[in-house]
Amino acid sequence: MMTLGELKRRLENIAQIGTISATKSQDGKALARVIFDDDVDNKRVSAFLPVVSIANSFVRVHVPIRVNEQVLVISPFGNANSGFIIRSIFNKACKEPDGSNEFTTVVEFEDGTRFSYDTKNKKLTAACVGDIEIIAKNITIKADNTNFDGGSVTHNGTTIDDTHDHTQNAGNHFGAGAITTAPNK
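Position 84, counted from 1, in the sequence shown is what my numbering calls 81; the numbers after and before it change by one each time, with no gaps.
Hints are computed from structural coordinates only; laboratory data are not their basis. Here the structure is a predicted model, which means the values were calculated and not measured. Even for Gly, the Cβ is constructed at its ideal location relative to N, Cα and C. Mixed in with the good hints, there may be bad ones.
Claimed, not checked - Ranges between beta-carbon positions, derived for each pair:
hint, residue 1, residue 2, range
1, F106, F81, 34 to 42 Å
2, V56, A133, 13 to 21 Å
3, F81, N118, 35 to 43 Å
4, G147, R84, 46 to 54 Å
5, N98, A133, 31 to 39 Å
6, A90, T143, 37 to 45 Å
7, N39, N98, 35 to 43 Å
8, Y114, N39, 39 to 47 Å
9, G109, F33, 29 to 37 Å
10, R63, D34, 40 to 48 Å
11, A12, T156, 52 to 60 Å
12, V150, V60, 18 to 26 Å
13, A123, G2, 48 to 56 Å
14, D95, N53, 12 to 20 Å
Said to hold, decoys possible - Derived DSSO-like pairs (lysine-lysine); straight-line CA-CA distance at most 27 Å:
hint, residue 1, residue 2
15, K119, K92
16, K119, K139
17, K89, K40
18, K119, K21
19, K120, K92
20, K5, K40
21, K139, K117
22, K40, K119
23, K92, K117
24, K21, K5
25, K26, K40
26, K21, K40
27, K21, K89
Sequences are here, hints too, so could you generate the full structure?
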């Protein structure tokens, strides 16, 4: 028969906040060890536990878990070594990203790259500090207006911009072989 002390210990272990102390991947699964601070003098370290992620038959999302990340460990039977990790609790050292609110979802990376979507204003913003590469069979852009603001634009290896002349085709209403002045600067 379980003692009252053992029952109390198991109930206390059902849901615990801890800090990641080590990570690894094994058989395609993200695993991590968690340090539990029971009190100032007593710290326990869990076995490697599975990390809850978005994963099913049609989509997988991997966001690396890191040492010192604060997490919640759920142990349905009160044994911390047979639980699982629910990720990331905002805290003093890791606060919500600037600009996030009830209408705005923000994904922010450590290098400063940010994606945000404001459902109230229907605005998607991508601010990338490095390069962007899009690989697709076809790309379609539909908009009432499209603005390019920045350096040059290259099409099939040729730079297209506003610094070159356009020769008109013979037989058009501008006259044969006329050189345009716009969009030149």
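Hint check:
Distance hint check for F106 and F81: the Cβ-Cβ separation is about 25 Å, which falls outside the suggested range of 34 to 42 Å. In this structure, V56 and A133 meet the distance hint of 13 to 21 Å, their C-beta atoms being roughly 18 Å apart. Here the CB-CB span from F81 to N118 is close to 37 Å, well matched to the stated 35 to 43 Å. Distance hint for G147 and R84: a CB-CB separation of about 36 Å, inconsistent with the stated range 46 to 54 Å.
Taken as a hint, the range 31 to 39 Å holds for the pair N98 and A133, whose Cβ atoms sit roughly 32 Å apart. For the hinted restraint 37 to 45 Å between A90 and T143, the CB-CB distance of approximately 41 Å keeps it satisfied. At about 39 Å, the beta-carbon gap between N39 and N98 stays in the expected band of 35 to 43 Å. At about 44 Å, the CB distance of Y114 to N39 agrees with the hint of 39 to 47 Å.
Evaluation of the 29 to 37 Å hint for G109 and F33 yields a pass: the beta carbon distance comes to about 33 Å. Under the hint 40 to 48 Å, the C-beta atoms of R63 and D34, about 18 Å apart, miss the expected range. Taking 52 to 60 Å as the suggested C-beta distance range, the pair A12 and T156 conforms, at roughly 59 Å. Under the hint 18 to 26 Å, the C-beta atoms of V150 and V60, about 33 Å apart, miss the expected range.
One distance hint, 48 to 56 Å for the beta-carbon pair A123 and G2, holds here, with the actual separation near 55 Å. Against the hinted window of 12 to 20 Å, the Cβ-Cβ separation of D95 and N53 comes to about 32 Å, which falls outside the hint. Simply put, K119 and K92 have alpha-carbon atoms about 25 Å apart, close enough for the 27 Å limit, and the pair holds. Note on K119 and K139: the hinted pairing holds, with a Cα-Cα distance of about 16 Å set against a maximum of 27 Å.
Only pairs whose Cα atoms come within 27 Å are accepted, and K89 paired with K40 is accepted, the gap being roughly 21 Å. With a CA separation close to 39 Å, the supplied pair K119 and K21 exceeds the 27 Å bound. Proximity of K120 to K92 is assessed by CA-CA distance (about 23 Å); at most 27 Å being required, the pair is judged to hold. For the given pair, K5 sits about 18 Å from K40 by alpha-carbon distance, which is consistent with the 27 Å threshold.
As the CA atoms of K139 and K117 are separated by approximately 21 Å, the hinted pair is consistent with the 27 Å bound. Proximity of K40 to K119 is assessed by CA-CA distance (about 47 Å); at most 27 Å being required, the pair is judged violated. In summary, the hint linking K92 to K117 is supported, as the alpha carbons are separated by about 23 Å, within the 27 Å threshold. With a C-alpha separation of about 31 Å, the suggested pair K21 and K5 falls outside the 27 Å cut-off, and the hint is violated.
Note on K26 and K40: the hinted pairing holds, with a Cα-Cα distance of about 26 Å set against a maximum of 27 Å. Our distance criterion of 27 Å between C-alpha atoms is met by K21 and K40, whose separation comes to about 21 Å. Distance restraint check for K21 and K89: the Cα-Cα separation of roughly 26 Å lies within the 27 Å cut-off, and the hinted pair is therefore satisfied.
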